[in-house]
Amino acid sequence: MNTNNIRKFGVGRLILASFASSLLLFSCQEKSAPQQPLLSLPVMEVTAEDVPLYTTFVGQTFGYKDINIRARVDGVLEGMYFREGTFVEKGKLLYTIDRQPLLAKEAASMSMLAQAQTMLAKAESDLNRIRPLAANNAVSQRDLDGAVAQYEAAIANVEANKANLRATRLELGYAKISAPISGIIGRSIPKVGDYVGSAPNPVILNTISQVDTIIVRFFLSENEYLHLTKRTESEDYINAFIIEGIRLYLSNDEEFDQRGALDFIDRSIDPNTGTILLQASFPNPDERLRPGQFARIKMLYDYEANSIK
Numbered sequence: 000m001n002t003n004n005i006r007k008f009g010v011g012r013l014i015l016a017s018f019a020s021s022l023l024l025f026s027c028q029e030k031s032a033p034q035q036p037l038l039s040l041p042v043m044e045v046t047a048e049d050v051p052l053y054t055t056f057v058g059q060t061f062g063y064k065d066i067n068i069r070a071r072v073d074g075v076l077e078g079m080y081f082r083e084g085t086f087v088e089k090g091k092l093l094y095t096i097d098r099q100p101l102l103a104k105e106a107a108s109m110s111m112l113a114q115a116q117t118m119l120a121k122a123e124s125d126l127n128r129i130r131p132l133a134a135n136n137a138v139s140q141r142d143l144d145g146a147v148a149q150y151e152a153a154i155a156n157v158e159a160n161k162a163n164l165r166a167t168r169l170e171l172g173y174a175k176i177s178a179p180i181s182g183i184i185g186r187s188i189p190k191v192g193d194y195v196g197s198a199p200n201p202v203i204l205n206t207i208s209q210v211d212t213i214i215v216r217f218f219l220s221e222n223e224y225l226h227l228t229k230r231t232e233s234e235d236y237i238n239a240f241i242i243e244g245i246r247l248y249l250s251n252d253e254e255f256d257q258r259g260a261l262d263f264i265d266r267s268i269d270p271n272t273g274t275i276l277l278q279a280s281f282p283n284p285d286e287r288l289r290p291g292q293f294a295r296i297k298m299l300y301d302y303e304a305n306s307i308k
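FYI, numbering that gives the first Met the number 0 numbers position 296 of the sequence shown as 295, with every residue one higher than the one before it.
If you're looking for bench data, these hints aren't it; they were derived computationally from the structure. A couple of the hints might just be wrong.
[What the hints assert, rightly or not] Under the rule of at most 27 Å between Cα atoms (straight-line distance), these lysine-lysine pairs were calculated in the BS3-like manner:
#1 K64 - K297
#2 K175 - K104
#3 K91 - K64
#4 K64 - K104
#5 K104 - K161
#6 K161 - K175
#7 K121 - K161
#8 K190 - K175
#9 K229 - K297
#10 K190 - K89
#11 K91 - K190
#12 K91 - K175
#13 K190 - K64
#14 K89 - K175
#15 K161 - K64
#16 K104 - K229
[To be verified] Estimated spans, in silico, between C-beta atoms of each pair:
#17 D269 - D211: 54 to 60 Å
#18 H226 - I203: 35 to 41 Å
#19 K89 - D285: 37 to 43 Å
#20 Q99 - V202: 39 to 45 Å
All values derive from a computational prediction rather than experimental measurement. C-beta atoms are modelled at their ideal positions from N, C-alpha and C, and glycine is treated no differently.
My request is simple: use the sequences and hints to build the entire structure.
Right, dumping it as structure tokens:
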């Protein structure tokens, strides 16, 4: 037996070779016994290999971000400025809501503020007139206190009306709805001319999904989860898990050409189902995958390093 074969087949081959050589030595020592043909023994080649074990889980795809577009003010949907099912950039104008009621509300708020400022000017003038008189005891302290109170109340009234005007202008800004992220926008639920509202149940106008990375969410049973947490104590398993990654199979049994990584494990096990939510992310450079697809996750479940075969 040459040295290369010994290295290849390891300790198991050495044991078998030692057993065969001892038989030969015994036959040489029995000189008086007649020569017998050597017994031909089958030799099984034993090798040590790393054995990965996999399991699969059923999951569903989601966008890396799925953002619902909602109306934040009440009104009639006046305009739609995108093509459904296409890519939109962050900040692009998507919808407008009729601004006329909001413009009227802004005008009323401005009028109320002007009135409050006029009242403040009068209260300040009265206070400036009464203070010198109070210093000379020409008016009572009560009159002075009343003038101070009127002045401070007028200041507070001005500030309240300024805040009301800011809120009105904020609502006016909400009449223009822009894309919060870059991504694929879906089908518009309301159409131009429909009434949309912010309360009590704001209408979802649309959804934008960021799909350059796809998320797959799937569930493990409690026993499967406990097994995996135990296996993570093994460095061999961790290293193999990193190398193998997570594989994704589509509904037509085709393997997706990108490997994924586990990036989320839920904080608790659902007591109703006895399962825990996991999440894996996959690069999706061609944007081939879309949210809502059925998927199967294939993941390294166990790993035996240098297992004898």
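Results of checking the hints against the structure:
no., hint, in the structure
1, K64 - K297, "23 Å, holds"
2, K175 - K104, "16 Å, holds"
3, K91 - K64, "17 Å, holds"
4, K64 - K104, "35 Å, violated"
5, K104 - K161, "13 Å, holds"
6, K161 - K175, "22 Å, holds"
7, K121 - K161, "18 Å, holds"
8, K190 - K175, "15 Å, holds"
9, K229 - K297, "19 Å, holds"
10, K190 - K89, "22 Å, holds"
11, K91 - K190, "18 Å, holds"
12, K91 - K175, "10 Å, holds"
13, K190 - K64, "24 Å, holds"
14, K89 - K175, "14 Å, holds"
15, K161 - K64, "37 Å, violated"
16, K104 - K229, "63 Å, violated"
17, D269 - D211: 54 to 60 Å, "30 Å, violated"
18, H226 - I203: 35 to 41 Å, "40 Å, holds"
19, K89 - D285: 37 to 43 Å, "21 Å, violated"
20, Q99 - V202: 39 to 45 Å, "20 Å, violated"
Hint violations for this structure: numbers 4, 15, 16, 17, 19 and 20, all remaining hints satisfied.
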